[in-house]
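**Q** Each chain is listed here by its residues.
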Amino acid sequence: MVTTGSNSARTPGPPLWLLAELTYRCPLQCPYCSNPLDFAAQGGELSTAEWIDVFRQARELGAAQLGLSGGEPLVRQDLVELIRAARELGYYSNLITSGIGLTEAKVAAFAEAGLDHIQISFQAADEELNNLLAGSGKAYAQKVAMARAVKAHGYPMVLNFVTHRHNIDRIDRIIELCIELEADYVELATCQFYGWAQLNRAGLLPSKAQLERAERITNEYRERLRVQGHPCKLIFVTPDYYEERPKACMNGWGSLFLDITPDGTALPCHSARQLPIRFPNVREHSIRHIWQESSGFNRFRGYDWMPEPCRSCDEKEKDFGGCRCQAFLLTGDAANPDPVCAKSDRHDLILDARREAQEAAPALEQLQFRNEKASRLICKG
Amino acid sequence: MSAIADEQIPNLRRGFRFQWEPAQQAHVLLYPEGMIKLNEAAALILELVDGERHVAAIVDTLRTRFDNVPGIREDILEFLEVAHGNHWLEFR
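Note that the protein sequences, when read in sequence, are chains A and B.
For the first sequence, the UniProt record's numbering begins at 1 and goes up steadily by one.
For the second sequence, the UniProt record's numbering begins at 1 and goes up steadily by one.
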C-alpha cells in the first residue's frame, strides 16, 4: 500500500487502514491465531451503532480501507448493516473470514449491501490436515464451497494460507488449489509469532530448508502465471525469524494502521494489546484524539524513542527499528531493538529459535489449540 | 505486450474502485486490501475509463481538453499499457 503520511511524531498522516475486529468469538481453534491469549477475559463487544460511529470518525480522518475481521466476523448478526454503512461512507470493505458460517444467501446479501471483497482463510490444502488444524471436521468442504460462491457472485477473492512447518511442504498443492478456485490474490503467509502462535512457536516455525523450498516453488509458479498473463498474484510472506534485518512493522508505529478490538480498545497493530501500554478506548475518546494525541499511539512514532544501535542506524527510516511487540515478547522491553536484527545484542534469541526448528520441534498433536477453555486457564495464569 | 488498438475498450478490473480521497487530496485506486495513490495525469485518464469509451475516444477527449499538447497520445497509451500489465484494467 502506498503511504502518504510523514513519520513525524507531530503530524501523523491519516489512518488509511481501519481494521475492525468485530468479535473474538470463533468456531475454529487455529493454534497460530493472532488474537490475544486472554481473549476470553476481554470486555463486551461494541454495538452496531458504536461500530458505525467508529467507521464514520475514522473515515473523516482519511481511512479508506476497512477490514471486517475477528475472531470470525460472521458470528456478528449485524454484518449487513455494518457493510451498508461502510459503503455509504465510501470505504473499500474487506470481509476477512474463515468461511465458517457463510452461506450463498449471505454472500449475495453482502454484495447487495456493497461489500467489495471477501478473503477466505484456509488451514491447509489437504482436507484432513486442514480440519485437524482448524479443530473442525467440516471446515475444508465448507471453505471450498464458499470460495466458489464468492467467485460466482463476482467478488474479487483473496485466499489466505498461514503456513508453518506442518503444511508448508505442500505449497504446490496449496497454489494449485488457489488457481483452481480462481483466487485473484493468494497470501502465503508464514506464521508470525504473536498471540497463540508465539505460545506454539517451537511447533510451528518451519526449518530454513522448508522455507527455501517453498519460496523456490512459489517463484516457479509466479513465472508460469506471468508467462500465461494470468492475473492471479502470489504473495509470499517470509517469517522474519530467517531475516537479518527486521520488517518495517505496520510501516511504522501509528503510521497508517488503526485496529479497533471487539471491546473498542484502539491499537496500532493486532498484537499491541500484549504490550504494557494503556491503549485508549473508543468508548472514552474520539478517534481523532486517539490517533493524533493519545500517548499509546505516540509512544513509538518517529525516531526519538530509539535506543542504540537503531538511533544512529542508517536503515532506521526503512524498517523503523522493526516490531515493538516482538521486542517486548522476546526481550521484555518494547523499546529494545527488534532481536530479528543482526545488530541487536539479543539476536541470539532468534538464532536459538532457528536451531530449535531444525532440531527439536514438537509434533502437531502437542500444539495448544486456541479455544475458550485454554484462554480462561491462561488468564488465570 | 501487443500494442493497444484504438477501438479497444478499457474497463477497471472487477474489484477495483477509482475514487477521490479528500484526506490525501488525490484520486486513488482501491482493490482488495490495497490502495494506489494516483498522480493527476493517471487520474485524468482513469476518470474516462468507464467500460464504454474506446481508446480513441479517451485520447480525443484529453487532446481537446489539453489543447493538443505534443505526445499526449503516447503518454495515454503508455499509462494504459502499464495499468493493463499490472492487471488494474482489462480490454475488450
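The set of hints was computed from the structure by calculation and includes no laboratory data.
There could be a bad hint or two in this list.
Said to hold, decoys possible - Here are the computed lysine to any residue pairs in the SDA-like style, where the Cα-Cα straight-line distance is at most 20 Å: (1) K233(A) with V82(B); (2) K151(A) with R14(B); (3) K151(A) with K37(B); (4) K233(A) with A5(B); (5) K247(A) with L351(A); (6) K37(B) with L61(A); (7) K151(A) with E90(B); (8) K106(A) with G15(B); (9) K233(A) with H84(B); (10) K151(A) with P32(B); (11) K37(B) with G62(A); (12) K151(A) with R13(B); (13) K233(A) with P32(B); (14) K37(B) with G90(A); (15) K233(A) with G15(B); (16) K233(A) with R14(B); (17) K151(A) with E33(B); (18) K233(A) with F91(B).
**Q** All hints, please: hold or fail.
**A** Hint check results:
1. K233(A) with V82(B): 16 Å, holds
2. K151(A) with R14(B): Given that 20 Å is the threshold and the Cα spacing comes to 11 Å, the pair holds.
3. K151(A) with K37(B): Given pair K151(A), K37(B) is violated - Cα atoms ~27 Å apart, limit 20 Å.
4. K233(A) with A5(B): 26 Å, violated
5. K247(A) with L351(A): 17 Å, holds
6. K37(B) with L61(A): 16 Å, holds
7. K151(A) with E90(B): Given pair K151(A), E90(B) holds - Cα atoms ~18 Å apart, limit 20 Å.
8. K106(A) with G15(B): It holds: about 18 Å lies between the C-alpha atoms, which stays within 20 Å.
9. K233(A) with H84(B): Between K233(A) and H84(B) the Cα gap is close to 14 Å, so the pair holds against 20 Å.
10. K151(A) with P32(B): Satisfied, since the Cα-Cα distance of roughly 14 Å is no more than 20 Å.
11. K37(B) with G62(A): Holds. K37(B) to G62(A) sits at ~13 Å (cutoff 20 Å).
12. K151(A) with R13(B): 14 Å, holds
13. K233(A) with P32(B): 12 Å, holds
14. K37(B) with G90(A): The given pair, whose Cα atoms are some 16 Å apart, holds under the 20 Å limit.
15. K233(A) with G15(B): 14 Å, holds
16. K233(A) with R14(B): 15 Å, holds
17. K151(A) with E33(B): 17 Å, holds
18. K233(A) with F91(B): Since the Cα atoms of K233(A) and F91(B) sit roughly 19 Å apart, the hinted pair holds (cutoff 20 Å).
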